[in-house]
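Peer 1: Start from the sequences, fold in the hints, and give me the full structure.
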Amino acid sequence: MKLLRHNNDLVCQQIVEIITDYLEGSLPRSQRRRFEAHLEGCEHCSEYLEQMRLTINLTGRLRTDDLTPVMREEFAALYRRMSSQGA
Amino acid sequence: MGLIPATAAARRARRSGAAAEDDRELLARLRAGDEQAFVLLVARHNSAMLRLARTFVPSVTVAEEVVQDTWIGVVRGIDRFAGRSSFKTWLLTILVNRARSTGVREQRSVAIGDGAAAVERSRFNSAGAWMSPPQHWIEESDERLFAEELTGAIKSALDELPSRQREVVTLRDVEGLTSHEVCEVLDISEGNQRVLLHRGRSHLRAALEQAVRV
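Residue numbers (my numbering), protein chains in the order written: chain Z, 103 to 189; chain P, 2 to 215.
Cβ-Cβ distance ranges computed for the label pairs, FRET-style: (1) Z/Glu138 x P/Ser157: 31 to 37 Å; (2) Z/Arg135 x P/Asn126: 23 to 29 Å; (3) Z/Ala179 x P/Asp80: 20 to 26 Å; (4) Z/Asp111 x P/Asp80: 53 to 59 Å; (5) P/Gly129 x Z/Arg174: 52 to 58 Å.
The hints are simulated quantities; they were obtained by calculation from the structure and are not laboratory data.
Since we're looking at a predicted model, the values are computed, not measured.
No residue lacks a Cβ here, since even glycine has one placed at the ideal position from N, Cα and C.
Peer 2: So this is what it looks like as structure tokens:
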């Protein structure tokens with residue numbers, strides 16, 4: 103029984119592979135509990151989780167560029183061409 | 002998504018809710034033939050479209066053609082937009098279909114399960130525990146300049162990702178689409194979406210780790 107229990111524990115190498123499933127909320131409840139139990143006792147995997155969260159946040163800061171005035175005019179002209187063709 | 006720090010998630014939710022509302026108003030004006038509404042819609046979505054198109058085609062010029070072609074399709078097909086999904090999802094779905102139909106795809110495209118580990122195996126011992134654990138770099142990121150530097154590293158790393166991973170990470174983490182919307186736009190399953198997202202995010206984290214070390 104003890105051996106079985108031991109085999110059910112997640113190891114760090116497994117944690118880093120299911121971390122997205124955890125963040126996406128798609129882990130089954132039992133596995134989610136094992137994931138969180140591992141994290142409670144593992145500062146390295148906790149750090150890894152924080153790094154993944156920071157990575158996601160920093161990726162979200164990549165903002166998109168504004169249209170230049172020239173591009174605005176080009177798209178306005180495109181619209182006028184489409185309108186005149188009866189789009 | 003719920004586990005991303007609340008402030009960022011809340012900000013993103015507010016932003017996307019307000020954006021969807023603005024899109025609806027602009028669409029109504031576009032249906033009435035308002036040129037200015039068209040330009041505003043383009044201004045709002047064009048760079049997201051270009052960014053996504055670039056993951057499918059090999060050059061900026063071809064990506065720009067795909068984007069322009071998509072806008073023509075939008076204006077011509079505006080009456081087909083039934084509002085079941087958000088305008089942005091509809092728009093990006095058209096874009097992806099057009100990009101795919103160019104028949105050109107980057108060589109960097111790899112299979113979904115490319116077999117790559119999120120972290121190099123050599124960093125774990127035979128029992129699967131960390132031997133070379135991640136170093137702490139959270140606090141430094143609070144400093145604005147440092148964060149800007151990391152954003153640069155993320156941008157380069159994103160450009161280097163295999164295209165399928167880049168598509169998913171771009172849509173999810175840059176554009177803020179839900180996993181459901183990403184599946185709809187790219188026509189992939191939830192499972193594949195998660196695998197690609199996992200590989201992509203893991204690569205980006207590793208790139209940040211490198212940047213922090215330098």
